[in-house]
Every structure is written in C-alpha cells, then in structure tokens.
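Engineer: The lines below spell out each chain.
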Amino acid sequence: MADRSGFDEFVATRSPALLRTAYLLTGDHGLAEDLLQTALAKCWFAWGRIDGPPEPYVRRALATTYATWWRRRWRGERPTGELPDRGDQAATSPIDDRDALWRALGALPRRQRAVVVLRYYEDLSEAETAAALGISTGTVKSQSAKALAALRRDADLARTIGGEQ
Amino acid sequence: VIENELRELLAARADVVVDNPERVREVRSRVGAIRRRRVAGTALALVVLALAGLTMTRLPGPPATLPAGVPAGPYFDDDGTARAVPGYRGSGYFTFAGAARWSLSLPEPALPRVIVARCEHRGDLELGLGGGQRRLSCRVPVGDHYEGALPLPAGPGPGSAEVAVRPGSGGGWTVGVLQPLFPDRITPANVPGALIAGFGSPGGGRMTVTLPSTLDTATTMVVNAVCVRDVRLELTLRGRPLVEISCDNAHVSSPGVVTAQVSAGTVRTLGLRGLQRVTIDVRSVGRSTGQWAIIGLG
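Residue numbers (our numbering), protein chains in the order written: chain A, 12 to 176; chain B, 27 to 324.
Calculated directly from the structure, the hints in this document are not laboratory data.
In this text, a Cβ means the ideal position worked out from N, Cα and C, and glycines have one as well.
It is possible that some hints are incorrect.
[Claimed, not checked] Label pairs and their calculated CB-CB ranges:
hint	chain 1	residue 1	chain 2	residue 2	range
1	B	T68	A	R114	41 to 51 Å
2	B	V42	A	R71	50 to 60 Å
3	B	T81	A	R114	20 to 30 Å
[Said to hold, decoys possible] Negatives, chain A to chain B, calculated, CB over 12 Å:
hint	residue
4	G38
5	A43
6	Q48
7	T49
8	R109
9	D110
10	E133
11	A142
12	S155
13	A158
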C-alpha cells in the first residue's frame, strides 16, 4: 500500500496556488477546477513513489495534463446561450489593452500558453519550464519567442484599433 | 515591455481566483471515481476474455482427416452413389439407418481392404471383426455429407464385418469396401502353386503346362497372373507370340489378378488343343521386377 500521508495537507496548503496556475492555463474557472482535480487525482495514485518535494511533480502533472489530456476533453466548442458583448472600441483604456492581451493569450497554442504561464507567472527558468513540460530547453525558447511575437501582434492590433477610434 | 505586461496581467488574473474549500474531499471523490472505473474496466476485460474463451472452446477443432493408409476421397457422390476411386475397386455397398446390426462382406484378404462410409451427420460406426472391435469415424465433410474410412491390412482375417451405428450417430449411412487393384508387393506365399514366378528370375523363364481340357481350335483361352502394377509379360510358344499380359487397370479381373485372353485365331494358328502339353516362354518386358507370377490357364 503506497504511503499517502501528507497528501491531504499538501492539497490543502498548495491548492490555491495550483488553482491559479490552472486558471491561467485554461482561462476558465470551471475548466481550471477540473484540470486541477484531475492532476491531483493522478498524483494521489503516484504519491508514494514521488521522490523529494511533491510540488514540482504536481506542477508537471498539471502542465502535461493540460497539454495532452486537456486537448481531448475540452477542445470542442462549448455552446452558449448568450452572445458575448461587443466592446465599444472608442472607449479604449489600459483595461481594454489588458483584455486584448488576455484574449490573445487564450488564442495561443496550448504549449505556448503553458510556456508563457510557467515562465511569466510561476517565474520558472527555461530549464525548470522544460522539465515541467517534459520538453527541451530549446523548445521552451522557441515556443516562448513565438508566443511573445504573437502576443505583440495582437496587443499592437488592439492599440492600433483603439488609436484609430 | 510585453513581458512586463504579461507578468502584470497574469498576476492580476490569478489574484481573482478563489480556491475551493472542499478541494481535498473532491479530489478523494475523483480518486474514488477513477478507482471504480478501473475496477469496472478490469471486470469488463475479464468478461471479454471469458467470452472469448467460451467462443474459442466452441470453435471446431482441426478439420477431421482420413486415417493413414487409405486412398484419397471422396468415396461417394452427394446422391449416395459410390464414386470410382482410382487404383481401387469397390464392392459390398449397402445403405442402412437405425440401430440394427448389419453384415458387410469383406473380399479376400490377400490384398489390403478399406472400409468406407458415407453418413448424413457426423458419427461413428462400430465394426465387429472376428471378435475384435474397430471404430470407423465418419467426420470428413464432403459436399452435403461426411465420409470416413478404416484400413484393414492384408492377411488372415474374417470374411465379413458386423456393422453397428454408435449411439448418437443418427441419419442414413452407406458402407462399402475398397480394395487396391494391385498389391504393393507379392511373395511366394501369396501365389502357392504358381506355374512360373519372377522371384528368382525377374527377366522371365520357361514353363511347361497342360492346356485346359475344354480347349479346341474354336475357343479362346485365358492366362491369369498376379503382378504388381506396370509389369508386362510376353508369352511365346515355339517362338511365336501367344499372348501379352499387361498389369494395368484395364486388365484386372479381380483385385490382384490380371487376365489375358489368347484369341481363337491364335489358338487356331498355333494348333492348340485341350490337354496338349506345351512349353511356353515368358519374358518380362515392362517394369523390371520379379514381382509377378502366372497362376493358371483357363
């Protein structure tokens, strides 16, 4: 029987931080809850085999679940009963720019979004990000560069539109 | 700049996230659900395996085959009539059904015999052979029926077999006996009293015989021989052709015995008469073997 002592305490203490990461990855509160539950449940089965501090292992489970299993489960379009409000382009403000950036972040490919979240929210190094996602450091660099370029384009577009109004 | 904006954006967005106070309980619940799915998956896999095992046990085994030492089938047509089997002659065929016992006449045991059977459904026959019991399995699918065979070696044995259908082997049956037209091998013991044999002189020899008493210049005469396949014997009298004996299917009078006819013209030409004592030269011109014997004139 695996030793799972400490699991409940870990979840209780680290759950808020992990949920924030999950939310930044998914961009949706409900999906973030589901992603975190799934990753933690996976970790529960492996808890007795984790060497060292469990947080890097859990974070990696979160990231890889998002990058793989996530794609199957949540990729489809979700119907909604309401059309989204269209913002008044003339009322551009820093808040609008941030929204545009958030939307642009949501449009990134999942791996680029994961790299961005781990690098600029978790403040992980390139090597730590690579380890968390199970990819090479070179891939982290290239994915990060592509993500930033895409965000700049979208952010610039938002500003351009705002400036023209 | 974008990196700083990103840091600020991500921090601001993350700040509004409120954790679920029931996290531990819900994770435990998710673990339970995964466990149940795993158990169900294992159970389903076991059920599938069990069903596959059941299916496998119900699959037919390897196809039934005829025993060694019997000619290739089929032995019967779908309408129940006996088929010609190359190199064999059939006899004694009869059809029956039910639980009664029947007697099957067996030909002379100088040559091997093969009892053949046709059955509507898979089944077995019990054969009583002079006190011994043998089983004939009729399970080789042929057209709309099944067939089976049982080889009986050459040698002393009963002149008939008592045939009974094994319980559970219903339907109509036809049985018969096949015997090869030629022996694989003959020995002096097979041809006691032979007029001449090739055992010691495969190339031929000379025999002095008394012609049948019924012979006259208006009748024919036959010469009987026992031989293996493809032997050919040329018989001459005073240097003139008398008859040729060909050991092939066309000249078999009964399994193992070849008959050649001396024509009336030859009898007349050579001036042969009944009870005449003549010396006949025999020369083997076919297959080079001493496996032949002339066993009589008639």
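Engineer: All the hints need checking, so say for each whether the structure fits it.
Structural biologist: A quick look at each hint next to the structure:
With their beta carbons about 45 Å apart, T68(B) and R114(A) fall inside the hinted range of 41 to 51 Å. Between V42(B) and R71(A) the beta carbon distance is about 25 Å. The supplied range of 50 to 60 Å is therefore violated. Separated by about 56 Å at the C-beta atoms, T81(B) and R114(A) break the suggested range of 20 to 30 Å. The Cβ of G38(A) does not lie farther than 12 Å from every Cβ of chain B; its closest approach is about 9 Å, which violates its non-interface assignment.
Residue-level check failed: A43(A) sits 7 Å from the nearest beta carbon of chain B, not beyond 12 Å. Separation of Q48(A) from chain B is inadequate, the least Cβ-Cβ distance of about 5 Å not exceeding the 12 Å criterion. The Cβ of T49(A) does not lie farther than 12 Å from every Cβ of chain B; its closest approach is about 7 Å, which violates its non-interface assignment. Remark: the non-interface label on R109(A) conflicts with the geometry, its nearest Cβ contact in chain B lying 5 Å away (cut-off 12 Å).
Chain B draws D110(A) into its interface by the beta-carbon criterion, the shortest separation being 9 Å against a cut-off of 12 Å. For E133(A), the requirement that its beta carbon stay farther than 12 Å from each beta carbon of chain B is not met, with the minimum near 9 Å. Every CB of chain B is more than 12 Å from the CB of A142(A) (nearest about 20 Å), matching its label as outside the interface. For S155(A), the non-interface assignment is contradicted: its Cβ lies about 10 Å from the closest Cβ of chain B, within the 12 Å cut-off.
With a least CB separation of 9 Å from chain B, A158(A) falls inside the 12 Å interface cut-off, contrary to its annotation.
Checked against the numbered hints listed earlier, the structure breaks hints 2, 3, 4, 5, 6, 7, 8, 9, 10, 12 and 13; every other hint is satisfied.
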